[in-house]
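Residue numbers (the numbering used here), protein chains in the order written: chain D, 1 to 521; chain H, 1 to 159.
A couple of the hints might just be wrong.
[Claimed, not checked] List of simulated lysine-lysine pairs, DSS-like, C-alpha gap at most 27 angstroms:
id, chain 1, residue 1, chain 2, residue 2
1, D, K147, D, K294
2, D, K287, H, K51
3, H, K101, D, K431
4, D, K306, D, K105
5, H, K95, D, K351
6, D, K447, D, K294
7, D, K22, H, K148
8, D, K105, D, K135
9, D, K135, D, K243
10, D, K287, D, K306
11, D, K517, D, K464
12, D, K88, D, K3
13, D, K88, D, K351
14, D, K410, D, K469
15, D, K431, D, K517
16, D, K447, D, K469
17, D, K3, D, K235
18, H, K77, D, K235
19, D, K243, D, K22
20, D, K431, D, K469
21, D, K431, H, K95
22, D, K431, H, K103
23, D, K306, D, K294
24, D, K351, H, K148
25, D, K464, H, K95
26, D, K147, D, K3
27, H, K51, H, K77
Hints were generated in silico from the structure; no laboratory data involved.
Okay, here's what each chain looks like letter by letter:
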Amino acid sequence: MVKVYVPIDSTALSLGAERTAKKIVQEAQARGVEITLVRNGSRGLFWLEPLVEVETAQGRVAFGPVQPSDVAGLFNAEFTNALADKAKAHPLYLGLTDELAWLKKQQRLTFARVGITDPLSLEDYLAHDGYQGLKNALAMSGADIVKAVTDSGLRGRGGAAFPTGIKWNTVLNAPAEQKYVVCNADEGDSGTYSDRMIMEDDPFVLIEGMTIAGIAVGATQGYIYLRSEYPHALKTLNEAIRKANLAGYLGENIQGSGHTFHLEVRRAAGAYVCGEETSLLESLEGKRGLVRFKPPLPAIEGLFGKPTIVNNVISLATVPIILDKGAQYYADYGMGRSRGTLPIQLAGNLKQTGLVELAFGATLRELLYDYGGGAASGRPIRAVQVGGPLGAYLPESQFDTPLDYEAFTKIWAVLGHGGIVAFDDTVDMAKMARYAFEFCAVESCGKCTPCRIGSTRGVEVMDKIVLGKNHPQNVQLLRDLSDTMLNGSLCALGGMTPYPVLSALNHFPEDFGLSNKEAAA
Amino acid sequence: MDNTLSHEQHAQIQAHIQAHQHVPGGLMPLLHAIQDDIGYVPETVYPEIAKALALSVAEVHGVVSFYHHFRSHPIGKHVLQVCRAESCQSMGSAKLEAELKAKLGVDYHQTTADGNLTLLPVYCLGNCGCSPAVMLDDEVYGRMSADKVTALISEVCHG
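Sequences and hints are given; from them, build the entire structure.
Given below as C-alpha cells:
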C-alpha cells in the first residue's frame with residue numbers, strides 16, 4: 001500500500017491539515033484506492049502547508065499546498081502514483097521533496113528527522129538513528145559525556161548562548177543526593193517555533209537528550225516546563241514519554257544499564273518571564289515566577305535547592321547527534337566561536353516562512369531573500385527583529401551580518417533563539433519601540449525596580465516623544481531610562497527591553513519625528 | 001461550600017487536591033487540573049487548596065493572580081485568543097484585533113452577551129510562520145482575517 005503523508009504539526013493544522021487528511025481518507029475509500037496515511041511532522045516549508053507527500057521508489061514526492069477542495073483533483077490525477085506523468089501534470093505537484101531547493105541547501109542536524117518520521121512511532125525513531133547517542137553515552141563515564149558536549153562547542157540555544165558543557169560540568173561536580181534536569185520549553189519569543197516543532201514532530205529526540213543529560217550528571221528526575229499555549233506539544237510529549245517508559249528508555253534501569261531517569265511534563269501558565277531560568281524554577285516549585293538573584297547558580301542550587309541543569313529544548317535535542325556522530329562532527333559546522341548549526345525560524349512578513357537549519361555564518365540577507373523570498377506584501381523589507389521581543393531591530397544596512405553570536409554582539413544585537421521577524425515599509429518603528437515597553441510592563445515579574453517601574457515610565461516617555469513634546473529632554477530621558485534598565489535590571493526582561501527601543505530610535509529616528517542629530521545620544 | 005459549584009464539581013476539585021497534595025511543586029499542576037475541569041479556579045476553594053498544600057491563602061491567591069493563564073472567575077463557553085506579538089503585528093494583527101472587537105462587541109477580557117465567547121489577548125502562539133494567528137479553544141489557526149475568524153466562530157461555537 002502506498003504511504004501518503006499529511007503533517008500533524010500545529011502550523012500545518014492551523015492551515016487545515018486535519019481536514020485535508022480526512023478528505024484524503026474519505027476519497028481513497030470512496031474510490032477504492034488503498035493507501036496508508038501517515039501523520040508526519042512538518043518539513044518546515046510553511047507556505048506549502050498542508051504539504052502532502054507520497055512515497056515512491058525514488059523517494060517522497062510532494063504536493064502542496066493541498067486544501068480539502070484539491071483532494072478530488074489529486075485523485076483524478078492519480079497522485080498516489082506520483083512518478084507517472086499524470087501526477088506530475090497536477091498544478092500542485094512539487095517534485096521530490098528532498099530535491100526542493102529550500103530543503104536541499106539546509107544542514108539539518110538537530111532537525112534531521114523532523115517532517116520525515118511519524119513523531120510518535122518509536123520504531124520510526126529507531127530506524128532513523130534514534131537512541132544511537134544514548135547507546136554510546138551508556139558506555140561512557142559521566143565526565144566523558146560532559147566532555148563530548150563541551151568539545152562540540154554547543155552553546156545554549158535558548159538565547160543566552162552559554163556553553164552547555166560548562167553548565168553540565170558544574171552540575172556533575174556538585175555533590176548532592178538529588179539532581180535535576182529541567183528543559184526550558186517556555187518558548188515565548190515572537191518569531192520562534194523551533195522548540196514547538198521538535199516537541200510535536202520529533203519528541204523522542206528531546207527525551208533522549210534529557211536522558212543523556214541525566215546520566216551524564218547523575219540526575220534521576222527531569223521536568224519539561226512547557227508553555228500552556230502548546231496543547232498539541234503537551235499531548236505528543238506525554239504520549240512519547242509513555243512509550244519511552246514502556247520500551248525501557250525511561251524509568252528504572254534504562255536499557256539494562258542500571259541508570260534511572262524519570263521524566264515529567266509540567267505546564268507553564270502564560271508568564272513570559274518564566275522563560276528566564278530562575279523564574280522558571282520558582283514556577284516549577286509551585287510559586288509565583290519571581291526571578292531569583294544569582295548567585296547561587298541553578299547548577300549549584302536550582303530546583304528545590306538542588307544542582308540543576310536548565311537547558312533549552314534545542315540544546316537538549318542536539319545532544320543525541322553529538323553523542324552519536326561525535327563532538328568533532330558537530331563542531332566542524334559553524335564559524336568562530338559559534339559551532340554547529342542553528343535552527344532559524346523565518347517569521348512575520350515574508351513570502352516563504354519556515355524552518356531553516358544551517359551552520360552558523362549565513363547572512364540575514366540570504367535568509368530574508370534566498371529563503372524568505374522577500375516580504376509577503378511585495379513591499380521592501382524595512383526592519384528585521386532577530387531574537388524575539390528583546391532583540392534589536394536591524395535596518396537594511398545590517399542585513400549582511402552573518403548569523404554568529406559574536407557578530408551580532410558587535411552590532412549591539414542578539415541572535416537569541418534564532419527567530420527572524422521581518423517588517424515591510426509600512427511599519428511604524430516608534431510604535432514598535434513603545435510596544436517593547438508595554439510588553440515589558442505587562443510581563444515584568446515585579447521584583448526589580450528598573451523593570452517594574454521603568455517599563456511603565458518608558459511607555460509614557462514614548463507617548464510624549466510621538467506627540468512631539470519637549471523632544472531634546474524626552475529623548476535624553478528615554479536614553480537615561482534605557483541605561484538604568486540595561487544596567488540595573490535583575491534579568492534579561494528589563495535588561496534587554498532597551499535593545500528593541502534604542503535600536504529603533506538609532507536606526508529609524510524619522511519614525512520618532514526626529515532627525516539623526518536630534519536622536520543622537 | 002461554594003453554592004455556585006455543583007456537587008460534581010466539588011468532588012472533582014477534592015479529587016484533584018488529593019492527587020496533587022504530595023506532588024513536589026504540585027500547586028501549578030493542581031490549578032491547571034481544576035481550571036481544565038471547571039473552567040476557572042474558584043476563589044472559594046483557595047482555603048482548601050492552601051490547607052492541603054501547607055500554604056497560606058495569600059500564597060494561593062498570589063500564584064493564581066501572577067499567571068495570565070489562570071482565572072478566578074468563570075468565562076464564556078469558548079475562548080478566542082488573538083496573538084499580539086511582533087510577528088503577527090508585522091502581518092496586520094492590530095487591524096484584526098480592532099475588527100474582531102468591533103464585530104464581537106467586546107473588548108479583551110470580556111465575554112459576548114450570550115455568554116458564548118470570551119476574547120483574550122495572547123503573547124505568541126508559536127505559529128509565527130503563518131501570522132496573524134488566533135487560537136479558538138485548543139486549536140490554532142493561521143493567516144487569519146476578521147472574516148475568517150468570524151466564520152470559524154460560527155462553525156465551532158454555533159455549529
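_Numbers of the earlier hints that this structure fails to satisfy, in rising order_ = 4, 8, 14, 16, 26, 27
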